[in-house]
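Here is what each chain is made of, one letter per residue.
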Amino acid sequence: MELGIFYLVSALLIGSSVMVVTKRGLFSAALFLAMALSLVGVLFAMLGADFLFAVQILLYVGGVIVIIAFAVMLSNAEQLKAEPQTNRQWAPALALCLSLVLMVMVGVNRHSFDGVLAELAPTTKSIGILLLGGQILPFEVVSLVLLASLVGAVLFSRKEKN
Amino acid sequence: MAETVTTCAVGLQHYLALGSILFAIGIFGVLTRRNIIGILMSVELMFNAANINLVAFNRFVHGGDLWGQGFAIFVITLAAAEAVVGLALVLAIYRTMKTTYVEKMNLLKG
Amino acid sequence: MIDHAYWIVLMPILASFIIFFFGRFFPMKGAELGIASMGYCLIHSLYIFGTVAGEPGFTSELSITWFRFGIFETQWGFLIDGLSALMLVVVTLVSLLVHIYSLSYMKDDPRFKRFYAYLSFFTFAMLILVVANNFLQIFIGWELVGLASYLLIGFWFEKTSAANAGKKAFITTKVGDLGFFIALMMIFSLLGTLNFDQVAARVSENLISPTVAGIIALLLFWGAVGKSAQVPLHVWLPDAMEGPTPVSALIHAATMVAAGVYLVARTYFLFEHAPFALEAVAWTGGITALLAATMALVATDFKRVLAFSTVSQLGYMMLAMGVGDKVAGMFHLTTHAFFKALLFLAAGSVIHATHENDIRKMGGLSRKMVWTFITFAVALWAISGLWPMAGFYSKDLILEATLNSHHYVLFGIGVFVAFLTAFYMTRLFLLVFVTDPRNPEIYNHAHESPPSMVLPLMVLAVLAVFSGLVFEYVIPIHKLLELPMSAESAAMAEEAVHHVWPVWAVPALSTVVAAGGILLAFLFYVKPVFSPQRLAEKFRPVHTLLVEKYGFDEFYLAFLVKPLDMLSVGLAKLDYRVLDQLGVDGTAWLTERFSRMNAWFDRVIVDGLVDFWGALTQAGGSIARLVQTGWVQNYLLFFVLGFAALMAAQLRLTVTDILMLFKGF
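Protein chains in written order, with numbering that gives the first Met the number 0: chain A, 0 to 161; chain B, 0 to 109; chain C, 0 to 664.
The hints are all genuine.
The calculated DSBU-like cross-link candidates involving lysine-lysine, where the alpha carbons are at most 35 Å apart (straight line), are:
{"hint": "1", "chain 1": "C", "residue 1": "K360", "chain 2": "C", "residue 2": "K537"}
{"hint": "2", "chain 1": "A", "residue 1": "K22", "chain 2": "B", "residue 2": "K97"}
{"hint": "3", "chain 1": "C", "residue 1": "K158", "chain 2": "C", "residue 2": "K367"}
{"hint": "4", "chain 1": "C", "residue 1": "K173", "chain 2": "C", "residue 2": "K158"}
{"hint": "5", "chain 1": "C", "residue 1": "K166", "chain 2": "C", "residue 2": "K548"}
{"hint": "6", "chain 1": "C", "residue 1": "K526", "chain 2": "C", "residue 2": "K360"}
{"hint": "7", "chain 1": "A", "residue 1": "K22", "chain 2": "B", "residue 2": "K103"}
{"hint": "8", "chain 1": "B", "residue 1": "K103", "chain 2": "A", "residue 2": "K158"}
{"hint": "9", "chain 1": "C", "residue 1": "K106", "chain 2": "C", "residue 2": "K28"}
{"hint": "10", "chain 1": "C", "residue 1": "K166", "chain 2": "C", "residue 2": "K106"}
{"hint": "11", "chain 1": "C", "residue 1": "K572", "chain 2": "C", "residue 2": "K173"}
{"hint": "12", "chain 1": "A", "residue 1": "K158", "chain 2": "B", "residue 2": "K97"}
Keep in mind the hints are simulated off the structure, nothing from the lab.
Input sequences plus hints: build the corresponding full structure.
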């Protein structure tokens, strides 16, 4: 049962991500990206990371996709549906990616992962404690990064003063 | 090979395989996409692939705490920040060059 | 004064030098300098002669070392003895008279100054020869007089005939000089010295065999044959008459041609050591005397007759030397110098007055040129050997010597030549002075010569008259020339005394013969009892033979000159074809070819190699450049490619690993 769901989800995921990278129409690609990201959230949920699932949907789908959609619409990307969106080195890239996948799989196969299986439980509280406890440093640093990116985004999108 | 594939149970390898496929697709998109926004989207895919890996490992190998997930949160945050800045740059470029095609952005090329 | 005898030699060369370079500043263009220096030389020579004559057997030798190598040293020597003192006087006296004579004769010549420079130079060279005390110095003087002769014969070098004559003289005497030089080398290599005294001493010690001594003597004589114009090297003397007459008088009558005789006299010790050499000398002299006299019979050029006469008289001198009487030879040399110089100067006087050399166009000049006529007559008397002229004593001495040494054939030849001499000289005299003028223009134009020309004639005439008597009775030449006699000559002298013939026999014979010759000439030319033309026609072949001078010139031309010419042309062709064209040009062509090849090689292969590497680098660069696309996604591709490669290496990926992946399916 679980396996079936997994396969379904992964099939959809893979399908939609392929769409993302190949669709001519950027807006459609963005939508597909939304779908893919949502499915990733579902995966998170299957892995027992409920908080993460929520964060994923909120931030990615609600934030990043929106921004991407803004960017798509603000630029002329939509009008270029007629032209091919993949450049001329897709063949070597494809081969490379396939080989990468294979190599990772081989590596994974060789290795036996022994470890402690996690218990499935609600994670929100634990993550909260973790964030402000063990991972306080990255937490603070990330806030700086966010500040920087805010400033940068504002800076870059300002109109030139003539 | 370690006997981690149980009968019909989703194991670590599944998630790792999925993650690597997703990652590869993302790389494909980065290498192939002509449009800069498309590249940014592919990068998002790559981020997510990494996240899947992190959470999977956390679940199957590192069960004691939730460091994997916490790491994944940071990744998401950073991905978002990066997407913001990147798209702001795209808009700025678009205003000057009137194009979003990467191959046209070669002002530094001698 | 004798100690400073070298001044006699130095004065002329200094004068020559100054005249040549600074003569134009003098009023008489240097002639006065020449005359002054020659006058000084004569006075000094007379002084020396007087000193030597006073003490018989006197010798004084002054040597200055010239250079030395090892134990051998060469010297500049000034040997004064009877022989050289006599020659000094003869040379300086005749030279002075010629200097004075040339004042008028060469007056209008544009190269007047140079003439006097040459005259002084010649005198210098002759004096070097005369005072030499070693073979090398005499050879140097020998060559220098040869040079002077060449310069003076070809003095009017615009005339091709004169230039050719100069060349001919030089080359012919050079043939003789070759013998001289070989003899010189032999003496040095066999005896180790070139000094006369030392050589004489070593020869008398029998250091070399008589045969070798004879060979050396004959080689030396060969040099004398060239210089003194004996047969067969006599051919240059008739042609040498192209030069100005004063030159002919000085060089080719009195002095240079006498050098050969002087050489034989000086080196007589060698000849005495080898009797066969003396025989050769005597016979050469005799044959020369005869042939030359016959050629003089038919000559029509004034000076040429005199030239043949000179050759003939030189033959007499050699004859005398050959039969053992060196004194007679030197005596005749002295008297001949005087009367032959007189004859030539008189000829010059006539030629100057008539501007003509051909005696057939002259005649009756006795009325127009009195002094010349008188002096010429005196000379004729002398050369015919009639008493009391100088020629009588010297010629008779020779004939006596021939007879006393039992050379009867040579004696006969000598007598016959005396007859011929008288005849042709009288013929010349008659045709020029006595017979009626054949060319009225020339006759009318003729006039006596100026005093500077007549004066030397008179001086010489006096000498021609009295020198014989002087040397016979006053300063006996026997005593004067008394040189230490070797054993052989003493023996010959001993033998000579025992002669069968009465003392008056030879003189009487010679007088009769001479008178007969003179008379015959009168009969031919004054009272035409015999006609020379008819005689010539009757004996046409003989006449032609004599006119053609026995064909010596043609013989040499055909057998020596022509082959040498062909050889030279052939060698020149060889030089051009083989050495120049094939060799030099060929080498150049080869080099050019080779360098072209080299250039090709350099261009194609070497440069090509260099270019190839450059091109290779360029190609590599062009290919490598392709990596620089400026396209970031391209770079990313490589990046990922590299990553994948690294991963593959790290995993040590094999195909089985990949296949294992699908095991689960």
